[in-house]
Amino acid sequence: MQHEQSLLSVRDLVVRYPARGNSRVPLTAVRGVSLDIKAGGIYGLVGESGSGKSSLAHAIIQLAPPASGQVMFKGQNLAALNKSQINPLRRHIQLVFQDSLASLSPRRSILQTLLEPLDHFRIGAAASRADRAAGALETVGLDPELRHRYPRELSGGQRQRVALARALVAGPELIIADEPLSSLDVPVQARMVELILELREKLGIAFLFVSHDLSLVRRLADTVGVMYLGKIVECTDTATLFARPAHPYTRSLLAAVPVADPGHPKPAVLEGEPPSPLTPPSGCVFHMRCPEKLEMCRSVEPGEVAIPAHNGSPVNNQELKTAGHRVRCHLWNTTNT
Amino acid sequence: MKPPVLSVRKLSVTHRHPDRPSTVVDSVSFDLNQSEVLAVVGESGCGKTKTAEAVMRLLPRDDWNVQAESIELDGINLAALTAAAMQKVRGSKISMIFQEPLTALDPVFTAGNQICSVLCRHQGMTTKAARASSMAMLERVGFAEPDHIMQSYPHQLSGGMRQRVMIAMAMACQPRVLIADEPTTALDVTTQAQVLGQLTRLGEECGTSILLITHDLGVVAQYCDRAVVMRDGRTVEDAPVPKLFSEPQHEYTRRLLNSTIGVRSA
Amino acid sequence: MDPANRTWQRLRKDKAGFMGLVIVLAFFLIALGVWSGMLGQGWSEAGGGRWEAPGKAHWFGTNLLGQDIFQRAVYSVRTAFEIGFVVSVLSTLLGAVLGALAGWYNNTWADSTILWIKGVLDSIPFYLFVAAVAFALQGRPWAMHLAMIATFWTTTGRLVRAEVMKIKSREFILSARAIGLPDLLILFRHVLPNTLHILFIQSSIAFVAAIKTEVILSFLGLGVQDGVSWGLMLAESTQEVLAGHFNNFLAASLMLFVLLLGFNLLSDALQEAFDPQQAAL
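Residue numbers (my numbering), protein chains in the order written: chain S, 1 to 337; chain B, 1 to 266; chain E, 1 to 281.
Derived from the structure by calculation, the hints contain no laboratory data.
DEER-style ranges, computed between Cβ atoms:
1) B/Thr103 / S/Gln5: 41 to 51 Å
2) E/Gln9 / B/Ser44: 20 to 30 Å
3) B/Gln67 / E/Asp122: 47 to 57 Å
4) S/Glu145 / E/Asp122: 46 to 56 Å
5) E/Lys13 / S/Asn82: 50 to 60 Å
6) B/Thr103 / S/Ser182: 11 to 21 Å
7) S/Gly156 / E/Phe28: 42 to 52 Å
This structure is a prediction, so every number in the text was calculated from the model and none was measured. We treat Cβ as the ideally placed atom computed from N, Cα and C, and that holds for glycine.
Go ahead and model the full structure; you've got the sequences and the hints to work with.
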């Protein structure tokens, strides 16, 4: 996973919202995050509420304000562009949201919704756009006849497919999906997972899949990043993350998921309340709830450390940002010194 | 063998739409035994929530037609009670908690206020006694600083905290039955583990039987004793949890089990 | 079924609302008749004797000057609709645009300025303000209409602003921004259409308010100058009633009452029918 081959390269991104209402403090939702997505790859970004994962997803295309850091895409730093510079690039990175009913304009038909990006980006001849829209519906497995209906008349699964179709119709290279399957039933989720994998196979589209649902991420993603309070605390390929999770938070997260097997021990409870991004703890962001914390975790923020592959040699600092398995934890730091 | 705490026989719920009446729950029967956690599982639209609302008699008469051979709570036929009598039963003998705690809690009253009002109404406590009881209840649902929570408004609390306040409210009078309608679906997985852990432990301590409505088979497997599978308004299978997972009888149950994606390797 | 069709279906089922619609339509047809020159043309002729009783020649009798009350009452329907339409449409439009801009550019100078103007206008006692503007613009043909539009828009503006602030953060707006659509386009294509329910109701309220305000203005001599309206008739009738002649008063007030009642029933029904929260079952 070299830098040059990445479709999208985020480096040290910080996202800050201005102080609002009663709080005098600005809200730092993302505190320096780096990640790489290669063409046709699926990156699963996992985190719970308050982790900043949605802010990160939005900030990549400037829907949220990036305070510092870089977002390299097609040789340009998206975070540094102004509105008119970034707009033409938007057709290459599209967004899909969680609540399909809220993300489709209620008073516009499906066809109108699909035509909007086509008209805006002036894709193809005007006369052909309606056909493209119908084609997009077919690609996501929907009957093109539905294009005259309104969002209210479709089921949740159908609406989410429409949202995907709208993302596809502009021919993007990357789709950022923010919890797109969370409000769907389990069997419908399974079908959508198949659809996403198919789209990656056939069209070579990369995905940034943001979710709190570990089982979906496991099925879909090549690489997984775990976020906690604005930082990525662990990042590695999917198989390694689920087989050998390194960070205590990742381990707690995995242990908390109920397993569909009555014989399995009950989910372990992670003590303490989830922290608020308005009042982040000192030192390591996770130390207050960490079952394995050390003395230094209270005061010193852990830097990123690369964990050697199972049988590989230790990684040097230069290759750190793109190393296979990275973790932000003193437990791994001490063993490395 | 003790008689069931809650016994539902042939419950049907129809929607009174002028043009298109529809049967949402069709002749559903099940038992909830003493100190048991019973799961009601199914996809959205299968009628599990309407079943619970029908048992609690929360469905407005104008829109819904509820018929049942019997709905017995400790021998009392809930369907035959007057509205006033049912109000006394709700909250004290049978309680319900919902999926979205922000809309289920009144935003203009503090958490403490809301728990106290339940105690004052159903157990006739004085304000002082109710406050003490509420604090104790908040401690039991795992709050380290109950007095801080007592004074907080719903919007000042996180989703998991609000849900635990709801549990405190629902369990304040130590009801015989607690119906929990997808209580953790909107919560993070670590919070879910915390809330479900609290809920089942509290149920055991107070001798409350729990009717847990969920679509998550993992939750069924790890927290429930028995499960009723529903589909399109009907019950499809009713079995103790170990048996349901090892030898599912109905094809639909098998399909549900198969489409569940695992997180940890077996 | 698209949103417009659904609204119509809901309206049909509401009996009171439907009756309101029928009343309003009936009056509208009368107004059309007057506009096209078929009805009420003899409103200014002093054809009859003073204070004649209702009879074959003059259905409602005559007033002080011998003018046919019925003709005058019918002509007034046109006046009422004219004022109602002009004021309601223009004040709602003004309120919608300013409210949308204020809501979208919330927390900026645009919002603060518009809010400040609204605040100032709202603190002036309403009838005083309308009268003052009408007086200042006296002699100009649209004085009365302008005065009303300048004051009526604030309520719509405030409601639209609040709604826009709510809609602004919904995901379909975020989707539009993610494509890179310009702000104003999003405002007019995606946001405002979702405030239509507010606009329709506000415009029907403004319609009623305009007619009522005209009555007061006419009392003050600041209302309709060329033509006749119920307000003018009522103003005239204050003298006549003292002399024991009620026809003028009754005709004007009854017709006014029925039209306003119809409108109120209709707008109550519209409120329910337009409510976007009610899902079609």
